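If you want the building blocks of each chain, they are given just below.
There are 6 protein chains.
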Amino acid sequence: MFHHSSQLQFEVKVDKPNPVFAKHLQQAIGGIEGEIRVAMQYFFQAMGARGDAKYRDMLMMTATEELSHIEFLGHAVALNLEGAPTSMQDEAAKDPIVNAIMGGMNPRHILSSGLSAMPVNSNGVPFDMSHVYATGNLGADMLANATAEAGGRVLASRLYNMTDDQGMKDMLSFLIARDTMHQQQWLAVIEELGGMEAQLPIPNSTPQEHEATAHSYYFLNTSLDEATPEGRWTSGPSLDGRSEFSVVEKIEPQGQKPSLGKARPDSAAQTEQM
Amino acid sequence: MFHHSSQLQFEVKVDKPNPVFAKHLQQAIGGIEGEIRVAMQYFFQAMGARGDAKYRDMLMMTATEELSHIEFLGHAVALNLEGAPTSMQDEAAKDPIVNAIMGGMNPRHILSSGLSAMPVNSNGVPFDMSHVYATGNLGADMLANATAEAGGRVLASRLYNMTDDQGMKDMLSFLIARDTMHQQQWLAVIEELGGMEAQLPIPNSTPQEHEATAHSYYFLNTSLDEATPEGRWTSGPSLDGRSEFSVVEKIEPQGQKPSLGKARPDSAAQTEQM
Amino acid sequence: MFHHSSQLQFEVKVDKPNPVFAKHLQQAIGGIEGEIRVAMQYFFQAMGARGDAKYRDMLMMTATEELSHIEFLGHAVALNLEGAPTSMQDEAAKDPIVNAIMGGMNPRHILSSGLSAMPVNSNGVPFDMSHVYATGNLGADMLANATAEAGGRVLASRLYNMTDDQGMKDMLSFLIARDTMHQQQWLAVIEELGGMEAQLPIPNSTPQEHEATAHSYYFLNTSLDEATPEGRWTSGPSLDGRSEFSVVEKIEPQGQKPSLGKARPDSAAQTEQM
Amino acid sequence: MFHHSSQLQFEVKVDKPNPVFAKHLQQAIGGIEGEIRVAMQYFFQAMGARGDAKYRDMLMMTATEELSHIEFLGHAVALNLEGAPTSMQDEAAKDPIVNAIMGGMNPRHILSSGLSAMPVNSNGVPFDMSHVYATGNLGADMLANATAEAGGRVLASRLYNMTDDQGMKDMLSFLIARDTMHQQQWLAVIEELGGMEAQLPIPNSTPQEHEATAHSYYFLNTSLDEATPEGRWTSGPSLDGRSEFSVVEKIEPQGQKPSLGKARPDSAAQTEQM
Amino acid sequence: MFHHSSQLQFEVKVDKPNPVFAKHLQQAIGGIEGEIRVAMQYFFQAMGARGDAKYRDMLMMTATEELSHIEFLGHAVALNLEGAPTSMQDEAAKDPIVNAIMGGMNPRHILSSGLSAMPVNSNGVPFDMSHVYATGNLGADMLANATAEAGGRVLASRLYNMTDDQGMKDMLSFLIARDTMHQQQWLAVIEELGGMEAQLPIPNSTPQEHEATAHSYYFLNTSLDEATPEGRWTSGPSLDGRSEFSVVEKIEPQGQKPSLGKARPDSAAQTEQM
Amino acid sequence: MFHHSSQLQFEVKVDKPNPVFAKHLQQAIGGIEGEIRVAMQYFFQAMGARGDAKYRDMLMMTATEELSHIEFLGHAVALNLEGAPTSMQDEAAKDPIVNAIMGGMNPRHILSSGLSAMPVNSNGVPFDMSHVYATGNLGADMLANATAEAGGRVLASRLYNMTDDQGMKDMLSFLIARDTMHQQQWLAVIEELGGMEAQLPIPNSTPQEHEATAHSYYFLNTSLDEATPEGRWTSGPSLDGRSEFSVVEKIEPQGQKPSLGKARPDSAAQTEQM
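Residue numbers (our numbering), protein chains in the order written: chain A, 6 to 279; chain B, 6 to 279; chain C, 6 to 279; chain D, 6 to 279; chain E, 6 to 279; chain F, 6 to 279.
Bound-form chain A, shown alone:
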């Protein structure tokens, strides 16, 4: 069950409202790297968690934190929209800077939301829940979460670089910090469970006899003219400790040339296909 308290998790100050930056900030709310995504991803993972209950609790606690991040970012967007131009009709509109703002901000911040945040990304594309990755497999989910937080910290860093508003820098600095923790938090689950060697390959419960292991440890060079890029993945022990990496230099087809024969008479193909 969820509860709410009235103050924001982090203070939001905007010294110089900037409606174009408001558009950019939306990526941190409704982008695939944003907070709606992680809030919902951890929430659905928690609801589907099977096994040791502590992972469920951990997921739900951080899901709850991410909801609070949406909240202060939403306030930041609204504050950046304070005083935005909403009209082309006065003299000011002939100012090229106003023109650039009217053209550069998200038009729906004026037309649809009345100068407040929306659950969309910086292109105005609404977030869709297909990005909530929750597989029922703890290892896959932990990697998905670390990925989401890596994307989130990359985004927060780019937003930090983009603005010179001190209040916004402070807020983004807080987000960068929390993303640091969250990246490690999810990877720490993998470490606690024995690390990559024990957890890979995911799912580690797939019986060996379900796997064509002759194909499990070679890097396949599909290029006609490039040498294989050598690295940790081309030789040495595999990360799961079960084998050695190797290389297949030139892909050799193992299958047939596909053919489907003629079309069925009742399939509404052209007569010539039958």
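Honestly, the hints are just simulated from the structure, not real lab data. One thing to keep in mind: the hints can contain errors.
[To be verified] Listed next, the stretches of chain E that the computed footprint assigns to chain C, with coverage defined by at least 3 CB atoms under 8 Å from CB atoms of chain C: (1) 49–60; (2) 111–124; (3) 132–143; (4) 207–216.
Just so it is clear, the structure is predicted and the values come from calculations on it, not from any experiment. Every residue gets a Cβ at the ideal spot worked out from N, C-alpha and C, and that includes glycine.
Dock chains B, C, D, E and F against chain A, hints included.
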């Protein structure tokens, strides 16, 4: 530049065509765990790769392999649709098994594709390219790729469990194997670059002064009644080697109660809001 | 800021797990009539609320309640998936009832989520945030919320009719009750602000001189052969108390026949259009 | 059956073509507040209408009117695109105003439509039909329609404020007027049917015994630190006349702590979850 | 301006309501091959038509006809849903045929629309307007329209084959006939304008000097092991009459190996990329 | 099976990087007129091809070529983003030209991709695979392909007109040329199979008795006030050689006035509908 040769990477045999399984297999083509996703994800990462060129080459080589996976899976779907019922009009349609097939298969396999594969998932939802994660950050991309392959191997394992067709089991067994390799391949890049300690937090180029480091290493308990779930993430050295994990037991708001004041007269709010 | 406590808002019991009903229940989570929608809609409206702060508080409190509804519904979906068939490979699969289940359930409940809830509707289509209606206009938002709750109670009533599982009926009965309250809660805001007469037309702040009032109060019959359907909307005082309803029996065009002339030479039209 | 006549419902004049305003106007065509939405919503409601046929007729008549609104708005977009810059290659492109236009207009107005209207919103996101709300319940549909028209009139008012082109102001003034009527028209159906007291809760056909009425009339305060916002919804008779409003000050969980136990061995979870 | 009359363009009779066939029929309403698509495509093409006004008129007339097709198909869906099972709670639900229907029909026909048509396809995916192709180029649009009608007639033929209800066969037979006409109608425009030789390549207004004509007439064999498939496209005069077809047997790269160098220090890449 | 070689199919040079043009170029990658679409469309058509195998081979060869087009366009986008402004914090940001660039470029080119190509269109909307048209009918597919290439060449011509960068003009000139060939290539299949007379109506395998041929060859005038636009489609032999074109001047309804009667008591409609 891409090239094609006529045989499939892996042989596709279907002993007992099953149109409902054809629907399930679509998840491996057009699902978020599927092959279109990884093919396009590695392709776009390769096109945007900056830094050591060998990662670009590696990405492009595996992107190319994944295109070949789409190809044999597409053939597998078509073969599973051979002989599918396309009509309710004969006596057979009163057979409950035919009824269940007509209700259980993807109707668009009859209506839209004429008994062949589509770029959709097992619900018939078309794949959309928002799932192509390519950030320009090598670490974030490697985690995203390991995530995609973990999801892919979970899916292939579930499809393997679902079918009793030997040809399909063989094909899925091959996919399980390649996903094993690909999971490790991407994580091996991180290991080669010094492992998690060197690569975390992602991006590792964000200057420390951009980060509110007081908030970087604590697990935040947002629950009102649950004890903090203890683990690798609550104490001991952080995975990036820069600090120690700790716990904040009860979230303390640091921000204001948000308030936006009155609506602007020209904002088409209700008069009562102004 | 959000918080969480460990128990569900309402007890979830499933006497006879039913994986097809799990698919139906998804509509109440990820459908346009579902709980993600209202949780996010009230949350974004709260973040954008201007004017009397009590409406902001009210919105946030109910947003928080709706998050708790997602949570118990998510548990209900998972419990309905307990024991679901995940394989066609044993003898049981030849049982037509198992066949109908395998064909009738959401395949991604097996393949993607590992037998737990997803943020999708009963067709497996992911929820997308374009359905979060938050206009910055209190009146428009209150109507949107009453609409959402009306849709929600219609859905809950249909789900109630569909199942004969007592635990599920109890849970749905609770949802029906809360939707009763929420419908009235939002409409009560309008009543408190003077009712429809004071609040219509929305926005009530649009100056009269911005409106071609000659066209504001007639019902337009666009049919060539049907009489105007008479009712409260064809005569008597308008609901905003500003005028009388009337009828325009036959639509008369007031505009020109549109014409765009020739295509520009540089517009990549066909030569014949230029 | 539909018919067409050659003149527009309302005259469209554009004194000063403005390609950035053309982008904004798209919201009124392909936005969720736009005309495609209401045309299709009323059309599908009409096709599904059961009960007194006059509501079906009314819906179809207004659906038809809305199609005519799409038509004149589409012409308005095209006229605003007359003379738009389509090239960066001449000297004019160095003019910051041309630059701002090229950056601020919808690029697909040049690239995809050849300077004419598209069924997209002001972000260029195509309209999707999930926004066509048609429930088969007359009360829910009437609220949905009033909501759509409230959103539409808010939008038209904002577009009116944005432009200083007299022809565009006249056209928007007409839309504002028709939205006034349409808001009231749908709410008048509810009034004719006995008003909110008779129509609430929607659906009013749900038997009382299907509802946990103990939970039907209290406002739930889910905040840890905010007092309940008092208003029409916290005391006094409920709007459906069946009960009295009350308040539950602190949410008390009624359910269990959810637990799903261990993962099934065949579910491709990690071994540690089993 | 649009008008409506009360009778359907074609009579709809359903002898044996079939809720699973109702699901299939949805493809003809909300599928990419369906009537919403063509109605809106011709409407938007008409609104953007430049050049000889008769093409605009023709487009608008057929757009209007397609709206009438949506109307009778919508009625057909509703009639197929008459008497559909909406409950699992009675004894009938144990009947495998009822089970198959409950699993095989679109659940939203019960839950969301109350047994009537929706603007979705046979998978329940809502139609989205990105499929409205309207380029501003008459030739491209005519091909797009012929394509849409070809897809439509393929679909109608498959639906015809699927059902044994005489009323549905009659209705589909009418649709097959109209699609015959519409295919030819659009291609007849091309013939009237001089046929493919005059109209190709589209756009025929692109100056020859904008085209690298050395690459305009060869078929490129990108296969490593397949002979070029010989046909009308490998030799003989090109269809535009400007040249001769030829073959390039082996693709020769003309470009560089791409390289982007190092990442910018401010781009939030990993340090190792800089 | 696919292979890759290291050089681009065509050389990509960008003399003056232009981040706004990078946004425009995205339409050629991820737009409905773009290269992902045709690559995937031909690939899926090839996988579903039945009948003479040479069409399958031809489709696969050109699918492969289109993958190479994505590759060099992706490089072109990245090169146009070299040196793009990513920050508002220095003095340069006060320059109106920098402002216009920051407002006019795709923000996700900075925030999400780190200055490289994305699988999105020029509005930032991700490509979705519903645009991959593959019907299993050779004629319908050939028309769909010619349509796609017509749209592609229109787009390439508009992009050519838009830029004054010689390297970009050269690349687009190559694309214009290949689109010329591809348009004709697909239409040449129709010509080889006997031309439109033999191939129309599509599908040409639909038995005549499935078609209400009385409705197959007339143009229907649905306008109340416009004369029928005369042309090749109103008289003379039909393009399929089976009949003569004619005109129906005024649409006459052939169907009933639709009526669905009362709502079912268990359908959660309003009581008044029952």
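Structure-inconsistent hints, enumerated in ascending order:
Violated hints: none; all satisfied.
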